[in-house]
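In order, the protein sequence lines correspond to chains R and C.
Straight run, no breaks: the first sequence in the working numbering ends on number 452.
Straight run, no breaks: the second sequence in the working numbering ends on number 904.
Check the hints yourself; a few may be wrong.
[Claimed, not checked] Under the rule of at most 20 angstroms between Cα atoms (straight-line distance), these lysine to any residue pairs were calculated in the SDA-like manner: (1) Lys-6(R) to Asn-185(R); (2) Lys-720(C) to Ala-647(C); (3) Lys-346(R) to Glu-634(C); (4) Lys-744(C) to Thr-138(R).
[Said to hold, decoys possible] Estimated spans, in silico, between C-beta atoms of each pair: (5) Asp-836(C) to Leu-374(R): 53 to 61 angstroms; (6) Ser-344(R) to Lys-818(C): 31 to 39 angstroms; (7) Pro-194(R) to Lys-903(C): 17 to 25 angstroms.
[To be verified] Some chain C residues flagged as far from chain R (calculated, every beta-carbon gap over 12 angstroms): (8) Glu-634; (9) Gly-639; (10) Leu-696; (11) Met-813; (12) Glu-889.
By construction, these hints were calculated from the structure, which means they are not laboratory data.
Beta carbons are placed, not taken as given, at the ideal position from N, Cα and C, and that holds for glycine.
Protein chains: 2
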Amino acid sequence: MQTPKKIAVVGSGLVGSLLAIYLRRAGHTVHIYDRSPDIRQIQFSGRSINLAMSTRGWKALDGVGVGDSVREIAIPMDKRAIHLVDKLNFQNYGQEGESIYSISRGDLNRRMIDLAEQAGAEFFFEQKIWDVTLSEATLHIGETERGAWEEKKYDIVFGADGAFSRIRHRMQRQSMFNYSQEFLNIGYKELNIPANPDGSHKLDKNSFHIWPRGEYMLIALSNLDGSFTCTLFMPFEGENSFALLENRKDVELFFEKNFPDSIDVIPKLAEDFFKNPTSTLVTMKCYPWTYKDKIALIGDACHAIVPFYGQGMNAGFEDISILSEMMEEYGDDWEMIFSEYEKSRKPNADAIAELSYRNFMEMSSKTADDKFLLQKKIEKWFSDKHPDKWIPLYSRVTFSDRPYTEALAIGDDQNAIMEEVLKTENIEAVWESKEIENKILTLLHEKEAVKN
Amino acid sequence: MQTPKKIAVVGSGLVGSLLAIYLRRAGHTVHIYDRSPDIRQIQFSGRSINLAMSTRGWKALDGVGVGDSVREIAIPMDKRAIHLVDKLNFQNYGQEGESIYSISRGDLNRRMIDLAEQAGAEFFFEQKIWDVTLSEATLHIGETERGAWEEKKYDIVFGADGAFSRIRHRMQRQSMFNYSQEFLNIGYKELNIPANPDGSHKLDKNSFHIWPRGEYMLIALSNLDGSFTCTLFMPFEGENSFALLENRKDVELFFEKNFPDSIDVIPKLAEDFFKNPTSTLVTMKCYPWTYKDKIALIGDACHAIVPFYGQGMNAGFEDISILSEMMEEYGDDWEMIFSEYEKSRKPNADAIAELSYRNFMEMSSKTADDKFLLQKKIEKWFSDKHPDKWIPLYSRVTFSDRPYTEALAIGDDQNAIMEEVLKTENIEAVWESKEIENKILTLLHEKEAVKN
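Using the sequences and the hints, build the whole thing.
Structure below.
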């Protein structure tokens, strides 16, 4: 057991709330600050992508026994529903029984705050943190950036305040702090498929729906109330872009032409399109993540990624699992806890950033590509024959808690192998053969040999 | 001629001062702000690496007729003097008559401020800019960050305020602003070789002196007063590092062992070592560099690089040459001027960042490596025979004003060719042969063919 500390968590989002539960269980006093009002008192909407909880997320929730409470508001999705212009394909995500889970960000955040309060964490909403004194773990709080500030001293401060973290902002001004932020030229906009009058879903609720169109795509994830949260990803400028959709007519024509089967299910298309903001997507990396035994960043505050692998929240929750392991291992030595936490997590955060960045192409282009679908079929066929020799990349990321770095490295090896295999003459006809099976086995063996 | 504008330049360093001269020549009112006192009134020292002015720098200075005034305080260096532990080698930088020029940063900065004042720019020292309103080109000035601020409105604001630019700091908080800062694990420390009693130099003043030792190195550049400014580059931590040199004895033993011929010429070694700070080295990249027709970053404020190619100041001065070309081309259309300026300069800034980063290895390791010295000899021999076909990378960067991007690309091609050539059996003996000449010609031809 650790000596009880007085700990501030800045940010009452998903990671901040779950972290608070872990810290309470370890016996600490926990104050959570957020610049926004209590999300439980307000309407939350307009710029959210539904979350896809997977193994890493569940592990962190179950680690403090709150997984089942979250399962109540989650809908399993065991496959992709790929809406081509003229047909609908399905592609399973994993083995029988493996699913990712659609959860509304607002619903989950409200639930997590309730759970953190029940665990004894104290929340302070509409409290703006403008600065932090790193060496003293002291927060500077006030109405405005240039107005009067109040000081609150803690033993430890966690920055769980997202991609534009104020806590990190102060650390950035230290020497030797590495930092990068890179925006995609793709933006996103939230749209909505309402429930049927009887409360049922208009599309299959157990599918992750994608309309892949190359440089842009539409996705839809189910909600408990029968609706779907849709997200349109599209370049800001260029041939198919937000810049060209200037009025209702433009938007309606664009959807009729490119997403014909969405027209009937998105009744308030143009209205929502112009009401909801067009949001940006950023990859943010930094290092170090901690300052002595005083300050630690966690979640998006130290590794914001693009959403195309559905791993942002899962990676943030996994930060907490690893931090918790370090707390158990190093007891009261918080400098060691923080140092081992950042060393362990940084390479994995970089790996999932890379995988997420790459996956836009997979989702928006490759899911509509015959060669890619063939590759997936061959992988699945081989994996069924040799489950010990071939776990697909998606499963390594999504249905496993092995390090992301391992998934990235093995995924690259597998892709190189499949590139070779797809060069086989007449592969479309001969893939289900002993010849191909042996070819893959040989190539796998060669990769192994190189490593040893 | 442009319509006169009221322009603020933030930063009275080398780039800010030269930019002010260009803007004055174009007829604008120019106010230069700096948070520090007037460098002409104070002792400047302790964390400077002497500058190496080369072609791009001279071109920008000569463009407004101030080159000759700067030549008065510059010392030509036509070669490297490579101090190995047991011998001294020399290596020419370019062709007969080609030199880089050693200038003390303090001397040059004082001269540039004098020249800018003579051109009619007005300086405001000890004026701290804390913020800028981008859309209004308004500076916010005050004693302290949290104290009272005064507003100064301009037509245009230039941020020439270095790697930790306050102007960029505000732009960073805009959406879609890409940014990265990456520190090297190598620090540097200024040391000094004083003049002889008669005012002469203790080492050859027309050489750039290097003591290459692999992961660390010492350099020395001459000053007008007979002294040399030395810089020790070394890892912060590890086997040979600043961390291990904790007291006078450590420093003296380290220098005796590793830089034996420096001992006699650096009399205040330990004193300076502990008086002068250990400084950090950062590569900073960002984009965009401008905001509408109101704000532009220039020099280190938008592309801080490590000093190993001696191009930091030269690249900053070249920014001004390009900006000036755009001013001539687009007249009063400042939005166009800024947009074309940033589009033209960004790839070149990235290229010199990459070249500078790579050059640490060249300076600290390769200059002591026989294979590398042989490569340089072969390149020089071939280049003398075919001056139209082979301009060495160093010359492309240093003695040319062709784009850095071109130097980087051609340099990579040349390196690939030389890698092939060095594989030739018994190359040490046969390099000066028709066979090798033909081999290089063939490889060059193949590279050309690929491109067309």
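Hint check results:
1. Lys-6(R) to Asn-185(R): violated (42 angstroms)
2. Lys-720(C) to Ala-647(C): Satisfied, since the Cα-Cα distance of roughly 13 angstroms is no more than 20 angstroms.
3. Lys-346(R) to Glu-634(C): With Cα atoms ~15 angstroms apart, Lys-346(R) and Glu-634(C) stay inside 20 angstroms; holds.
4. Lys-744(C) to Thr-138(R): Measuring from Cα to Cα gives roughly 39 angstroms; hence the hint is violated.
5. Asp-836(C) to Leu-374(R): 53 to 61 angstroms: holds (57 angstroms)
6. Ser-344(R) to Lys-818(C): 31 to 39 angstroms: holds (36 angstroms)
7. Pro-194(R) to Lys-903(C): 17 to 25 angstroms: violated (56 angstroms)
8. Glu-634: Glu-634(C) not clear of chain R: closest Cβ-Cβ about 5 angstroms, inside 12 angstroms.
9. Gly-639: violated (9 angstroms)
10. Leu-696: About 18 angstroms separates Leu-696(C) from the closest Cβ of chain R, which puts it past 12 angstroms; holds.
11. Met-813: holds (20 angstroms)
12. Glu-889: At about 38 angstroms from chain R, Glu-889(C) clears the 12 angstroms cut-off, so the statement holds.
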